[in-house]
Amino acid sequence: MNTPLDIVFWGIDQALADQVTEKVVTHIMELQTILDRFNSEAETFKVNQTAFSKRMVISPFLFESISNGMKYFQKSEGYFNVFAGKVYASLKEKSSFSENSLPIHPPKDIIKINTSNNSIRFLHPAVSLDFGGIGKGLALDETSKILDEFGIKNTFISFGGSSILTKGHHPHGDHWPFSLKSQKIAGDIWPLRNDAVSVSCSGHGSGKTPHILNPKTGDYPPSFTSVVQSVSATEAEVLSTALIAAPGEKHQKIASHFNVKKWAVFPIH
Amino acid sequence: MQDKIQSRREFLKKMAITGSVATLAASPWLSAFAQSSTAGKNASDRVRLAVIGTGSRGKQLLRLLFEITESSNLEIAALCDVYQPNLQETKKMCKEQNMNPVLYNNYEDLLNKEKVDGVIIATPLHQHAHIAIDAMLAGIHVFCEKSMARTLDTTKAMYDAHKATGKILQIGHQRLFNPVYLEGMQRIHNGELGKLGQIRAYWHRNNDWRRPVPDNTIEMERFINWRLYKEYSAGLLTELMSHQIQVANWALQKTPVSVTGTGSIVYWKDGREVNDNVALIYSYEDGTQFIYDSMTSNKKYGLEEQIMGHKGTIEFETNRYYTETPPPAPGILQLLNDMESGFFGKVMIGGASWVPETAVKYNGEPIIENTDFYDTALQLEGFAKFIRAGKAPESLTREGYNASIWTLLGEIAIETGEKLTLANKYKI
Numbered sequence: 001m002n003t004p005l006d007i008v009f010w011g012i013d014q015a016l017a018d019q020v021t022e023k024v025v026t027h028i029m030e031l032q033t034i035l036d037r038f039n040s041e042a043e044t045f046k047v048n049q050t051a052f053s054k055r056m057v058i059s060p061f062l063f064e065s066i067s068n069g070m071k072y073f074q075k076s077e078g079y080f081n082v083f084a085g086k087v088y089a090s091l092k093e094k095s096s097f098s099e100n101s102l103p104i105h106p107p108k109d110i111i112k113i114n115t116s117n118n119s120i121r122f123l124h125p126a127v128s129l130d131f132g133g134i135g136k137g138l139a140l141d142e143t144s145k146i147l148d149e150f151g152i153k154n155t156f157i158s159f160g161g162s163s164i165l166t167k168g169h170h171p172h173g174d175h176w177p178f179s180l181k182s183q184k185i186a187g188d189i190w191p192l193r194n195d196a197v198s199v200s201c202s203g204h205g206s207g208k209t210p211h212i213l214n215p216k217t218g219d220y221p222p223s224f225t226s227v228v229q230s231v232s233a234t235e236a237e238v239l240s241t242a243l244i245a246a247p248g249e250k251h252q253k254i255a256s257h258f259n260v261k262k263w264a265v266f267p268i269h
Numbered sequence: 001m002q003d004k005i006q007s008r009r010e011f012l013k014k015m016a017i018t019g020s021v022a023t024l025a026a027s028p029w030l031s032a033f034a035q036s037s038t039a040g041k042n043a044s045d046r047v048r049l050a051v052i053g054t055g056s057r058g059k060q061l062l063r064l065l066f067e068i069t070e071s072s073n074l075e076i077a078a079l080c081d082v083y084q085p086n087l088q089e090t091k092k093m094c095k096e097q098n099m100n101p102v103l104y105n106n107y108e109d110l111l112n113k114e115k116v117d118g119v120i121i122a123t124p125l126h127q128h129a130h131i132a133i134d135a136m137l138a139g140i141h142v143f144c145e146k147s148m149a150r151t152l153d154t155t156k157a158m159y160d161a162h163k164a165t166g167k168i169l170q171i172g173h174q175r176l177f178n179p180v181y182l183e184g185m186q187r188i189h190n191g192e193l194g195k196l197g198q199i200r201a202y203w204h205r206n207n208d209w210r211r212p213v214p215d216n217t218i219e220m221e222r223f224i225n226w227r228l229y230k231e232y233s234a235g236l237l238t239e240l241m242s243h244q245i246q247v248a249n250w251a252l253q254k255t256p257v258s259v260t261g262t263g264s265i266v267y268w269k270d271g272r273e274v275n276d277n278v279a280l281i282y283s284y285e286d287g288t289q290f291i292y293d294s295m296t297s298n299k300k301y302g303l304e305e306q307i308m309g310h311k312g313t314i315e316f317e318t319n320r321y322y323t324e325t326p327p328p329a330p331g332i333l334q335l336l337n338d339m340e341s342g343f344f345g346k347v348m349i350g351g352a353s354w355v356p357e358t359a360v361k362y363n364g365e366p367i368i369e370n371t372d373f374y375d376t377a378l379q380l381e382g383f384a385k386f387i388r389a390g391k392a393p394e395s396l397t398r399e400g401y402n403a404s405i406w407t408l409l410g411e412i413a414i415e416t417g418e419k420l421t422l423a424n425k426y427k428i
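Quick mapping for you: the protein sequence lines, in order, are chains A and B. Once you know that position 125 of the first sequence is 125 in the working numbering, the rest is easy, because the numbers rise by one and skip nothing. Once you know that position 277 of the second sequence is 277 in the working numbering, the rest is easy, because the numbers rise by one and skip nothing.
For reference, chain A alone in the conformation it holds in the complex (with noise of 0.2 Å):
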């Protein structure tokens, strides 16, 4: 995912902390295998290139991803498209919209499962699987699982900044103190026990193009920053991007189909 991950453990010992890390890394980078789209050995990558031209038996966590993929469609009201890679990645490089692009096609409409057999078809050729917005979340509750395996009872896990995941407390508070980096809106500070946390941008500005597109029209969204807290990394992650995505309005019903504990949008100035 080549984004750094910053571990901080306490209460526990240096060959522990190494073990656990070891496990952890180890197993983000099977899922990397399975997720990466641009990787020609991985799982998503092969899925793209060829479901479309022939059912497939995928593994059972590409599998789950997707079934998810296709709730999180239904619960953010079509503004987090996991399907829709292809056209994403045209839009970005600055293709024409039109309102019949693929985005706003339920997945049920493009996609055939068979949960007997754990097999997948696309049905329209354009249907690209695309986990760069939930990536980061699927790791860190894979993470979570591997940490109450181990029994660790306090850390701080980064993912890039973007997506945190807790356990526990601060050795010198009763929870993580969060907040963001940024100084202008610095202010909050989220008390975490046991959560995770979601930060999105829609990333104008500093000559970054934004990565995160509204999948109904095409457009960029305006310069906002979300967070999200809840004690599931995946729904976070899915929220924040959603939040993003869809026009203000929209927010508080979007969120309301989520198990999250907070959640904030910024305006970036």
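Honestly, the hints are just simulated from the structure, not real lab data. Since we're looking at a predicted model, the values are computed, not measured. Note that the Cβ used here is the ideal one computed from N, Cα and C, for glycine as well. Keep in mind that a hint or two might mislead.
Facing chain B, according to a computed beta carbon distance under 7 Å, are these residues of chain A, among others [stated by the list, open to error]:
| # | residue |
| --- | --- |
| 1 | G161 |
| 2 | G173 |
| 3 | D174 |
| 4 | L180 |
Cut-off 25 Å, straight-line C-alpha distance, at most; resulting in silico cross-link-like pairs (SDA-like, lysine to any residue) [said to hold, decoys possible]:
| # | chain 1 | residue 1 | chain 2 | residue 2 |
| --- | --- | --- | --- | --- |
| 5 | B | K195 | A | V25 |
| 6 | B | K311 | A | L5 |
| 7 | A | K145 | A | P4 |
| 8 | A | K167 | B | K254 |
| 9 | A | K23 | B | T323 |
| 10 | B | K311 | A | V8 |
| 11 | A | K262 | B | K254 |
| 12 | A | K167 | B | D338 |
| 13 | B | K254 | B | H310 |
| 14 | A | K167 | A | D13 |
| 15 | A | K153 | B | N337 |
| 16 | B | K311 | A | P4 |
| 17 | A | K181 | B | K254 |
| 18 | B | K195 | A | T21 |
| 19 | B | K195 | A | G151 |
| 20 | A | K153 | B | I332 |
| 21 | B | K195 | A | Q19 |
| 22 | B | K311 | A | K167 |
| 23 | A | K145 | B | P328 |
| 24 | A | K167 | B | G351 |
| 25 | B | K311 | A | Q14 |
| 26 | A | K23 | B | A329 |
| 27 | A | K23 | A | K167 |
| 28 | B | K311 | A | L16 |
For this one, chain A is given, so just place chain B on it according to the hints.
Below, chain B without anything else, positioned relative to chain A:
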């Protein structure tokens, strides 16, 4: 400038005293800087030097010698050049320093008449070998600018003369005395970069290399612009690459086993004979590679040597060290500091991570903080120290020899289009 040279001298001294076994094994010439930083002041301690070749490089060396004359107790006893304008310019330079060296037009006269301890040779490349060999046979120590000589045979003959006479033969690879390189090499040889897989280097310029000729005769054209003609120079290879393959050999502590390459004149089609662009690949016995290119019609990428191991990368020319495992984000570092100091402060780390498919933006860190380069002065100071000691570490000569011999074999590889190995008679 003297203060900065002194500062760098102290850096080398510290490294000579505190360096690891691996460091001192790979850079034993450092030991010369472990002792007192200044030479004795007595006339009997004075090192008498002559400079043969007073063109642009000779003048530059002379200026640096002026800076260390007092601290190293040097005397510039004689200057020699066949080209009168340069000789007269350097005479004037010396006069401004209250120095009055004897002038010669013929180096053999200088060697016969002057009782100098060492000569500094800064002539065109094709003249290095016979001057250096004659000097060593006359019992005089030699500092010779790189590359060593124009051909494989004359390069070997220089080395053989050094071995036969026991006289110092130091080749002007100034990076061997550069604090950035010495610190970086220490990290490499202590294993901080892990297993080295590739070394890439390049030197790109966008200039002519042609110098103005006082008259329009063919003889003066070849005399002044000797770098452009194969009789006298291998062009980019001997003028530039020889520095960088020396760095590669030093980093790997090995010499190559084969070389292949290509080259051509694509831009400067003005009658010159040497290539204006070259690309070569050197292979080492453990499978590592030195990948090199150089050109003179584009300067966007400048020059660099990139030493790449599985744990990190060093880019020497820009003084950068990059670990393969970037340090924690600033917010995480603050959290760690707070935890250690008992402070319950907020963790300011939240922010969007951009386009996760792209490589991590990580700017690395400097190898050392101060990058004032006075390495050429330090290597001349080293030469004076070695003369005073009567010997120099043999590895210093070998660094120059191996860089030169493999540079010249690269030239032959380009000309023949073949992958070449070094004949046993040139191996030392």
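Kindly indicate which numbered hints from before are broken by the structure, ordering the numbers from low to high.
3, 8, 11, 17, 19 and 22
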